[in-house]
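These protein sequence lines are chains A and B, in that order.
Here the first sequence is numbered in UniProt numbering, starting from 1 and rising by one per residue.
Here the second sequence is numbered in UniProt numbering, starting from 1 and rising by one per residue.
Don't take every hint at face value.
Since the list gives no way to pick one copy over another, a pair counts as held whenever it fits inside one copy or between any two copies.
Listed below are the simulated DSSO-like cross-link pairs for lysine-lysine, each with C-alpha atoms no more than 27 Å apart in a straight line [unchecked claim]:
#: 1; residue 1: Lys-340; residue 2: Lys-4
#: 2; residue 1: Lys-4; residue 2: Lys-375
#: 3; residue 1: Lys-337; residue 2: Lys-4
#: 4; residue 1: Lys-230; residue 2: Lys-337
#: 5; residue 1: Lys-337; residue 2: Lys-88
#: 6; residue 1: Lys-88; residue 2: Lys-375
#: 7; residue 1: Lys-340; residue 2: Lys-375
#: 8; residue 1: Lys-230; residue 2: Lys-88
#: 9; residue 1: Lys-340; residue 2: Lys-230
#: 10; residue 1: Lys-337; residue 2: Lys-375
#: 11; residue 1: Lys-230; residue 2: Lys-4
In case anyone wonders, no lab produced these hints; they're calculated from the structure.
The structure displayed is predicted, hence computed values, not measured ones.
Protein chains: 2
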Amino acid sequence: MSEKPIGVAVLGLGNVGSQVVRIIEQSAGDLTARIGAPLELRGIGVRRVAADRGVPVELLTDNIEELVSRDDVDMVVELMGPVEPARKAILAALEQGKSVVTANKALMAQSTGELAQAAEAAHVDLYFEAAVAGAIPVIRPLTQSLAGDSVLRVAGIVNGTTNYILSEMDSTGADYASALADAGALGYAEADPTADVEGFDAAAKAAILASIAFHTRVTADDVYREGITKVTPADFESARALGCTIKLLAICERLTSDEEQQRVSARVYPALVPLDHPLASVNGAFNAVVVEAEAAGRLMFYGQGAGGAPTASAVMGDLVMAARNRVQGGRGPRESKYAKLPISPIGFIPTRYYVNMNVADRPGVLSSVAAEFAKREVSIAEVRQEGMVDQGGQRCGARIVVVTHEATDAALSETVAALADLDVVQTINSVLRMEGISE
Amino acid sequence: MSEKPIGVAVLGLGNVGSQVVRIIEQSAGDLTARIGAPLELRGIGVRRVAADRGVPVELLTDNIEELVSRDDVDMVVELMGPVEPARKAILAALEQGKSVVTANKALMAQSTGELAQAAEAAHVDLYFEAAVAGAIPVIRPLTQSLAGDSVLRVAGIVNGTTNYILSEMDSTGADYASALADAGALGYAEADPTADVEGFDAAAKAAILASIAFHTRVTADDVYREGITKVTPADFESARALGCTIKLLAICERLTSDEEQQRVSARVYPALVPLDHPLASVNGAFNAVVVEAEAAGRLMFYGQGAGGAPTASAVMGDLVMAARNRVQGGRGPRESKYAKLPISPIGFIPTRYYVNMNVADRPGVLSSVAAEFAKREVSIAEVRQEGMVDQGGQRCGARIVVVTHEATDAALSETVAALADLDVVQTINSVLRMEGISE
């Protein structure tokens, strides 16, 4: 068993980086026993070298390029965040034969191909368990445990910020803006929350999950995306009336069309989820991923999807595995993209809609509304109409709620567009997809 | 990339074996792409060669020894069941340099050391994901994803038969015997259910989980074990009154005593679990494992814990990984037992008891009962006393239910023994531990 220390460079000293540094130092004995050689921290790349970072200042450097190129650095842990300069640093490390562990979802959802190729050429590992769902093992179960099975679908709550906001709206009746403000105050939302609330973060994770689950390449741009900014307290009221809650879901599916041509769909949107569905009770900053595979059936993975220590746990698992490979010889699984599945546009996806609209209160309205669904062969599962009164107690219209059976997203969205154009429809209050409801 | 086929022998053609054979044949194209070489089925070891087994009869052989020794067999999948002849066949395969995948929990909980050593000497893989919790990835997350973290506790529902029986008793009010009969009729319980209902199966899994979670060696004999045969409908009534249900739990813990000497505890028993605990809603034949680690926090893994196809999914994952290692070079994680933790006897374990007893209905009884708890420094969290009447409507005694705070199991069981000896105590109706309740 080799006793030669393995030199590690950590890039980034934020929440996750400082936890990784702490664990490497405090668990040194255990890590050495598990790896077969000690891990030694050679340097920490930061934007600005300062004495107050809680680590020996001589470890700090703002010269990332030099750090990853040092001869005594064998492995690089990238926790800097944005796509650049992370991409450049990782490429440089891989090209110099250093295994890399990263938590960078945006990068892995964009540049997997380039990075995987560099890792392949240099015969080193590129691990990214921490890029999806924090501490929850999902990459390794999908690439290894399910390597002999056939994954049909992955659906998950993979963004803690939006899940916190939606849980808050559900439990307190708060509107989106005040739930977002609360999330910010508690440190669950960033100053610019766009990446989270518009679904970009979840879309990057969906791209990664779809790629590994279906052995194909899916990038963030391939993912259909809607955020949560338009979800209202009224939507939650309607959800409750239907025995549902609302969750921002990342959904990856393998679809077989009539011509037996398999396609892959990856999409992110807020959806109605029945209260008895396992994802409905995943609240606050927690994450969960449900995987359905041909032989395994339905599996669920649940835990903390963000935060310094949980994410560091996933990083450290990757680091120990990459280090073991260095000591023992051998490598982890490479990128598997042989299936080369085309991406299915959102319009082709079979789904169910919930539509809530205000209409004029006169005879024939329901019939006009129903006709628009029928024209596009969308079958209605449930419809409710109730009268509305204004502040003076006068009848002022009616509210119609329609829940459809499954139809293509194109037929459903065309129906909604047509409804909006009807004279008798005053406003479309909300349109939400429904997931996890067996018909 | 090597194109030379990898020869596979499957030992056993029961529920799991026939699913593994089916997947190897039906998914040949995908498996080849994922491995980098085709898998070829060289033979299937069975007790009795017959033409009606649904596979080409020329693949069948009852000469296991010869099959695993064939030059064209590179890897062996053992799905025969009992410890022998599985142990002998696996040892022979490993010694001849063949990687082995097994689902044999009893064997892995007894002979890990011997088998791991043989795998080590021959530089091959020995994988056993399917031995614990069927399709649910738990071995790989514990050995790899959490390789850089420090696991504190693993608690799970890992036996589908007993979980089915307990779920049935809870939802229908059935007694143990009739719930067992139902489980048998549905194929969830074997003709001789001892291994399941007495907790031997769960104890084997607890031993495996404790070994890998804590990097130490725990065998089935080290696991404290109580079965579910004495659980009554009255226990479920009491559980409900306390906001709990009853589950057979496998619990593995790392304990730190006063002298800072770490110990490991592995135990299996039916316990009260609060209804809002994630394990409480795991019903029927499903399994779930909750892992608590220092950095990751609490993780939960859920899915089908038994059955041909789900177990075959786990076997196939192992088979693909072992085959990839053969093609790429390299090996998966070896046995990690460096921590060498002593086993903690059950008496040292801090836990909480629920005690339900019939007592004489006269002054001073509660005081005598409470005194026995106090003598052993067991603090009472909750006590309820109610009068009982006989069929003629006459007062005939009282029932006392005591829920304790945490104390050592030794203090608690001594208290119960002393209570049974009190003149005023007529019968001890039930004693159950409580888990998952934060104080």
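Quick rundown of the hints versus the structure:
In this homomeric assembly, Lys-340 and Lys-4 come within 27 Å of each other (Cα to Cα) only across copies, at 24 Å, whereas the closest approach inside a single copy is 41 Å. In the homo-oligomer, the alpha carbons of Lys-4 and Lys-375 never lie at most 27 Å apart, since the shortest distance is 72 Å inside one protomer and 57 Å across protomers. Proximity of Lys-337 and Lys-4 under a CA criterion of 27 Å is satisfied inter-copy only: 21 Å between copies versus 35 Å inside one chain copy. When the C-alpha separation of Lys-230 and Lys-337 is checked against a cutoff of 27 Å, the pair qualifies neither within a copy, at 36 Å, nor between copies, at 53 Å.
In this assembly of identical chains, Lys-337 and Lys-88 lie within 27 Å of each other by CA distance solely inside one copy; the values are 23 Å within and 39 Å between copies. In the homo-oligomer, the alpha carbons of Lys-88 and Lys-375 never lie at most 27 Å apart, since the shortest distance is 53 Å inside one protomer and 69 Å across protomers. In this assembly of identical chains, the alpha carbons of Lys-340 and Lys-375 never lie at most 27 Å apart, being 36 Å within a copy and 71 Å across copies at closest. With identical chains, the CA atoms of Lys-230 and Lys-88 are never at most 27 Å apart, being 37 Å at best within one copy and 64 Å at best between copies.
Proximity of Lys-340 to Lys-230 under the C-alpha cut-off of 27 Å is found in neither arrangement, the shortest distances being 35 Å within a copy and 56 Å between copies. In this assembly of identical chains, the alpha carbons of Lys-337 and Lys-375 never lie at most 27 Å apart, being 41 Å within a copy and 67 Å across copies at closest. Proximity of Lys-230 to Lys-4 under the C-alpha cut-off of 27 Å is found in neither arrangement, the shortest distances being 56 Å within a copy and 56 Å between copies.
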